[in-house]
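Engineer: Read top to bottom, the protein sequences are chains A and B. Note that my numbering has the first sequence beginning at 62, numbered continuously upward. Note that my numbering has the second sequence beginning at 42, numbered continuously upward.
Bear in mind the hints are in silico, worked out from the structure with no lab data behind them. The beta-carbon is built from N, C-alpha and C at its ideal position, and this holds for glycine as well. Among the hints, erroneous ones may be present.
[Said to hold, decoys possible] In the DSS-like style, the derived pairs of lysine-lysine whose C-alpha atoms are separated by at most 30 Å in a straight line are: (1) A:Lys68 <-> B:Lys513; (2) B:Lys466 <-> B:Lys489; (3) B:Lys513 <-> B:Lys456; (4) B:Lys456 <-> A:Lys67; (5) B:Lys424 <-> A:Lys200; (6) B:Lys466 <-> B:Lys456; (7) B:Lys456 <-> A:Lys68; (8) B:Lys489 <-> A:Lys67; (9) B:Lys466 <-> B:Lys518; (10) B:Lys466 <-> B:Lys513; (11) B:Lys457 <-> B:Lys513.
[Unchecked claim] Computed Cβ-Cβ distance ranges for the label pairs, DEER-style: (12) A:Leu97 <-> B:Trp511: 51 to 59 Å; (13) B:Leu56 <-> A:Val82: 50 to 58 Å; (14) A:Asp112 <-> B:Trp491: 21 to 29 Å; (15) A:Leu76 <-> B:Ile483: 35 to 43 Å; (16) A:Val82 <-> B:Ala464: 23 to 31 Å; (17) B:Trp122 <-> A:Arg92: 27 to 35 Å; (18) B:Gly486 <-> A:Val82: 32 to 40 Å; (19) A:Thr88 <-> B:Ala150: 40 to 48 Å; (20) A:Asp112 <-> B:Glu582: 38 to 46 Å; (21) B:Gly486 <-> A:Ala83: 31 to 39 Å; (22) B:Trp491 <-> A:Arg92: 17 to 25 Å; (23) A:His63 <-> B:Ala150: 47 to 55 Å; (24) A:Val126 <-> B:Arg583: 21 to 29 Å.
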Amino acid sequence: MHPIRKKRLTIVLFLLVGLGVAVALTTYALRQNINLFYDPSQISAGEAPVDVRIRAGGMVEEGSVVRAPDSLTVEFRVTDFSASVPVEYTGILPDLFAEGQGVVAMGRLDTNGRFVADQVLAKHDENYMPPEVADALEKASKGQNKASANTNTVSY
Amino acid sequence: MYPELGQLALILALLLAVLLSVVPLAGSLTDRGNLQAFARPLAAGMFVFIGLAFAVLTRAFVTDDFSVAYVANNSNSMLPWYFKFSAVWGGHEGSLLLWILMLAGWTLAVAIFSRRLPSVMISQVLSVLGMISVGFLLFIIITSNPFDRLLPNVPADGADLNPLLQDMGLIIHPPLLYMGYVGFAVAFAFAIAALINGRLDAAWARWSRPWTTVAWAFLSLGIALGSWWAYYELGWGGWWFWDPVENASLLPWLSGTALMHSLAVTEKRGVFKSWTVLLAIVTFALSLLGTFLVRSGVLTSVHAFASDPERGTFLLALLAITVIASLALYAFRAPVVHVRSRYGPLSREIFLLLNNVLLVSATLLVAVGTLYPLVLDFLEMGKLSIGEPFFNLTFSPLAVATGLLLGAGIFSRWKKTDGGWLARKLLWPLAVSLIASTAVVIGYGGFKPWAFLGVFTAMWVVVATFWDLWDKSSSRKGRIHGLRRQSRSYYGMVLGHLGLAITMAGATVVSNYGIERDVRMVPGDVATVGDYQFVFKDIGERRGANFTAQYGSFDVMLDGEPVAELHPEKRQYSVGMSVMTEADIDAGLFRDIFVAIGERISDDAWAIRLQYKPLVRWLWLGAIFMAAGGFLAISDRRYRIRERAEEKAGIGAPVTDAGPAHSAGAVS
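Using the sequences and the hints, build the whole thing.
Structural biologist: What follows is the structure, given as C-alpha cells:
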C-alpha cells in the first residue's frame, strides 16, 4: 500500500477505535445512572425493581406524615389515589413539602415494599406539579374509571 | 399609551432588521458600495428602537403599570425598586427582550469597532446579525409580546416576582449570561461571512478572535454567577446540579472554549480552518439550543410543550433554519479551502487539536446527558432522569485529561517539538506538582484517588504556566524587562489557564473534603462539623419589606474561639405565600461556613443544615480569572497595530492563504 494511504488508514482506524471506546464507555455510564420513574400503582403491583435506584412520585397522602421524635427521619405515604407506597426519608425536606403536595423521591425499594428515599424533590412553585406525578395521577384516575366500568383490574 | 409605543418600537426595529439583513448583503454580492454603506446606520437604528422598547418596559415596571400583563405577572407594588428593575428580565417575555437588546448591542459594537474591516466583510457580518435579529424579533412580536395589555380589567396589584429571583445575583446573572450567549452570534456571523466570501484566512481568524474571547469571558462570568447564586439562594449549598438549565449554558461554553483555541491555531498557522468554522457554527447553534431549552417550557414538561407548542416550535424552527442553512453553506464552501501548512506529530497544533477533541467530547457528553431523557419522553418511550453520577463519572476524566494536556502543551512549539526536549522540560514541573499536590491532599485530611488527581491536575497547570512564564521572561536586561516584554494576550492566556486550575482545585477540594450535616437542633444545642462547633442560640421572628421570617442565631466556634455569628432565615413572602430558605454563610478564601434552616420538626426543634466548604470560593474566583484573562487578551496592541498595517497594505483584496505568514513563535 502507498505509505501515505497506509498512514491515513492508521489514523482512521485509530479514530474509529477511539470513538468506539468512547461510545461504549458513555453507554455503560448512561446505563448505570439512568433512574426510571415509577408511580405508586406500579410499585404496589410489584413492577418496580427492588434495590435499584429509581424515582417514585405522587401526592403526599393527607395525615400520613410521621416524624421520628429524636432524629430527622420522616415517614409518609405517596399516593396516586389508586395505590399508595410508604416512603422513609432522613434529612431536610424541601420548603414546599406538605401533605397534599406533589413530590418526586429518589431512592431504593426495600424487600418490604418500603421506598427508602435519599432525596425528596418538590419544586419551588405551589402551583407546580411534577410532570411525572401529573401523569401518574391522570393514569390512575383513568384506571379507576375503568374499574367502575366493570373491569376489576387496573391495567396500564 | 407608553406600552403601545414600545410595541411600535419593536415593529420598527423588525423592519430595520429586515433591511439590515437584505440591503448590505445584496450590496456586498453585487459590489455596490452605496448599499454596503447602509449596514452601520441600520445597525445603529435597530439598536435605538430595541433600546427604546426596553426602556418602555422598564418604565412600566418602575411605575407599577399593571395594565401590562407581563408587569402584572412579574411585579408587585411592594417590591423594592431595584427588584422592579431586574424584574424586567424576570420572566419569559422580558428576558427575550433582554436577549434581543444584547444582540442589537453586539451588532452595534461590531459596527463601531470594525471600522478597519473591509466594507464587504462588515456588511455581510452585519447582515447575518440582522437575520438573527429578524428571527428573534419575529419570535417576540408573534409569540411573546411583553407589551400585551390587561384591558379593561386592570389588576389592582401584581402577582409579585418569584421570591427566588428577588436577589442581587439575579439582577446581573441574566445580562452577563446573555452577553455570552448572544456574543457567539458575532463569531458565527464572521464565520458565515467568511464562507460566503470563500476567504477563510488568518485575517478572518484574527477578526473573530477578540469577539469570541469577549463573549466567552462574559459567559464564564455568567455561569459562575449562576452557580454562586444557586449555592446561596437555593438554600442548600450545592454549586452545580447538572440541571438541564445549567447544562444549557455549559454547552456553548465548552464548544466556545474549543473555538477560542482553534481560532488561535487558524490565526497563527492557517490550519484547522474548516474545523474552526464548524465550531463557530456549532457554538452559536448550542447557544440557540440553550435558549430553546430554557425558553420553550420543554424542561418543565415535554407534554406541556406539546400542548402549547407555539413558542417551542418557533424556537426549534429558528434553530433548524440556522443549523441547516449554515451547514449547507459550509458544505458548499468549506472544501474550497486548502491547507498547505504542515505540522509534526508532536507540535503545538497537535496539542491544541487534542484540546479540541477533549472539549468537543465533553460537549457531546453533556448534550447526550441533557437531551436523552427529553427525546425519550417526547417519543413516549419512558420517563427517566440521568443523575449527577453520570456527568461526574464521564466529565471528570475529560477535565483531568484536558488539564494534563494543557500543562504539557504550554511548552510545545508550533510545527515541531522535540520529544526528548519536551520530556526533560516537563520533568521538574511534574516533580514539583506531584509533591505539592500530595502535601495538599494529605493536609486536607486523607488521600483519595480522585481528589489527588484533581488537585494534581490543577497544580500541574499552575506550575507549568509559571514555569513557562519564567522561561519566556528570561532576558539579558533583567527579569522585570523580560516580564514587561510579554504581550497582553500572553498574560491573558496565563490568567485564563490559572483560572481553570483555580476552579478545578476548588471543585475537587469542596467535593471531596467538604462536610455536610443535617441535624435536629433545639435552641441551646451544639453540633460539631469537622473542627467547628455550631451553637444554636435562638430563633425568633423578623419582618422584611415584603416577607416575614423565622430568624435564627448561631455562634460558630473553632477550638473554643468564636469565628462567626450567623443568622439564617426561613422567609414567608406575603404576596404569593411562598416559603424561601435564606442560608447564612461566613465566607472565606479558604473555607465557607454555611447554616440553613430546614423545616420545623416540633414546637422547639428544627432541622438544620450545617456545612463546612473548603475552597468553595475558588470555583468562582477561577471564573473571574478566566474572564479577566479574556478581557486582557483582547486589549492586546497587536489587534490594532496589525489591522492598521494591513489597512495601509490594502488588505481589501481576498487573501488566499496567509497561514505561514504569521509564523511560529508569535506567542513568545
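Engineer: Can you name, in rising order, the numbers of the hints this structure does not satisfy?
Structural biologist: Per hint list: 1, 8, 17 violated.
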